[in-house]
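Could you slot chain U with the ligands onto chain F? The hints should help.
Line order of the protein sequences matches chains F and U. Numbered according to our numbering, the first sequence spans residues 55 to 331. Numbered according to our numbering, the second sequence spans residues 7 to 255.
Hints should not be assumed to be uniformly reliable.
What the hints assert, rightly or not - To be clear about the criterion: a stretch of chain U counts as covered by chain F if any three or more of its residues have a C-beta under 8 angstroms from a C-beta of chain F, and this derived list gives those stretches: (1) 52-62; (2) 75-89; (3) 93-102; (4) 143-153.
These aren't lab readings, by the way, just hints derived from the structure by calculation. In this text, a Cβ means the ideal position worked out from N, Cα and C, and glycines have one as well.
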Amino acid sequence: MHVKSIQKITSFWFKLSGAITLAILMIIVSYILIKGIGAINLEFLLTKPVDSGREGGILPMILSSLYLLAVTSFIAIPLGVGSALYMAEYNENHKLEVVIRFISQVLASVPSIVFGLFGLAFLIFFLKTGWSLLSGGVILSLMSMPTIYQVSEVALKSVPEHYKEGCYGMGATKWQCITSIILPTAASGIFTGIILALTRAFSEAAAVMYLVGSSLEMPTSLLDTGRPLPLHLYVLANEGISMENAYGTAFVLIAIVLTITILSNHIISKYEIKLGV
Amino acid sequence: MKIEVNHFNAGFGNMEILKDINLKIPKHSVTALIGPSGCGKSTFLRSINRMNDLSRDFCCNGDILINSMNIYGDEIDVVDLRKNVGMVFQKANPFPMSIYDNVAYGLRIHGIHDDYEISKVVEKSLKQAALWEEVEDKLFESALNLSGGQQQRLCIARTIAVNPDIILMDEPCSALDPISTLKIEELISELKKDYTIVLVTHNMQQAKRSSDYTAFFLNGEVIESGLTRNIFQNPQEIKTQDYIMGRFG
Ligand SMILES: Nc1ncnc2c1ncn2[C@@H]1O[C@H](COP(=O)(O)OP(=O)(O)O)[C@@H](O)[C@H]1O
Ligand SMILES: [Mg+2]
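Just chain F, same shape as in the assembly:
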């Protein structure tokens, strides 16, 4: 075959697969948004559910989800980025690196329900922490860490060697080099990984369903029980309580995830323009 026609075919194939991916995404998202928008009003967003969620709103679920997000960020970001930094800049033991990478790959592919069951067995039954948003957040952190670790490690390792040389050549200490050059240069990659992991955690029902207590009350602290949006959605649909409110909940969930994603992409591209990369 001619080189030209091969090029034509591959280019067509790329365009087609791009279009299919985009179309599938658009169909799913718009289907849910259209089905869900009917349920959305101020009362739905700002009140407690009534009658198991047949009536009333989802404010406690929104709050529960935000609490979980906060706990997960607080634990998984420092641990994930910190261990990636250690591996990329301090560790000189290649074997350790291989082992850790393998473990994090395995952890990243463990089904979330397994994390949930592990949490139930370890936190609730063994450590007796009790059902709470905090317990759920701890397990979501474990689930998010491998992704944050892996993406951060790649981002840190791809900081060009000549930046570091320039930096050490100016008399910078290792720590100065890390804070002033390495982290800022890797920041957009690290941030992408964080957002990826956190939005996944935010949409997670299975990992937390045995841990958060699934209460319908307004959570006032991390030690309260709660029910995040995805779990509420699952319960509403699974127990046939109200499909309308299930779609409404899905609408809110997707809206929040989309907002986080779009906003973070915007921040990343602004930041990259500022760096000039």
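Only chain U with the ligands this time, still in chain F's reference frame:
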């Protein structure tokens, strides 16, 4: 003598790279290091600010004295050494930050945070590096948007901002066009009034034009060193002769 090298040997692991280097580099002069690639010029240059320490298997013995202090001695602080001995690399490597922040970088990491003081030094350094007029009105734009030649002059500005004694340059023009090269060469002759410069170059013409002293390296040894004029017009060693006549390398 600003830099005095006595019986200096260096290598990586059990690979010997530099063998018994002896060299004296006077203050406020430009010393060119020439020689075919792979002969150890960069390794030698990077021994003078201990950049080789970043390679874990680097080892060396013998002395390099700067202002009569052995820089491989126990009492030497590598951070102070590198502040005093600046380095400009083969590939211009401005940091991914604004032009201003690039020049301010060294001051900040060495504990100067007074904005007025920093802005004075930034302006002075950029002027000294003959870059000020080109960047005056875009100081807060990313340095990565500059041309290659401008980036290299920015790296020189960044280096002189911390007021070093010595500037090491490792083939600073090898990636630049002739006009940018000329600008850097002019800059080098301007800078030697205030600094001692050691310049690795691949370009014989550049060594001739820009340097006062030349050392010819071959296979990790200094074959001949002395006044640039003498090395080029009246080399004592056959190998030097062959090299500068372009018979090898
Ligand atoms: N970090 C290093 N580890 C191992 N070998 C090195 C390292 N840096 C340089 N070398 C080797 O040292 C020799 C001299 O290199 P270099 O000093 O860069 O030569 P030049 O600058 O004259 O071209 C080369 O054979 C090179 O492969
Ligand atoms: Mg070299």
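How the hints compare with the structure:
no.: 1; hint: 52-62; in the structure: holds (count 4)
no.: 2; hint: 75-89; in the structure: holds (count 6)
no.: 3; hint: 93-102; in the structure: holds (count 7)
no.: 4; hint: 143-153; in the structure: holds (count 5)
Against the hints set out earlier in the document, no violation occurs for any number.
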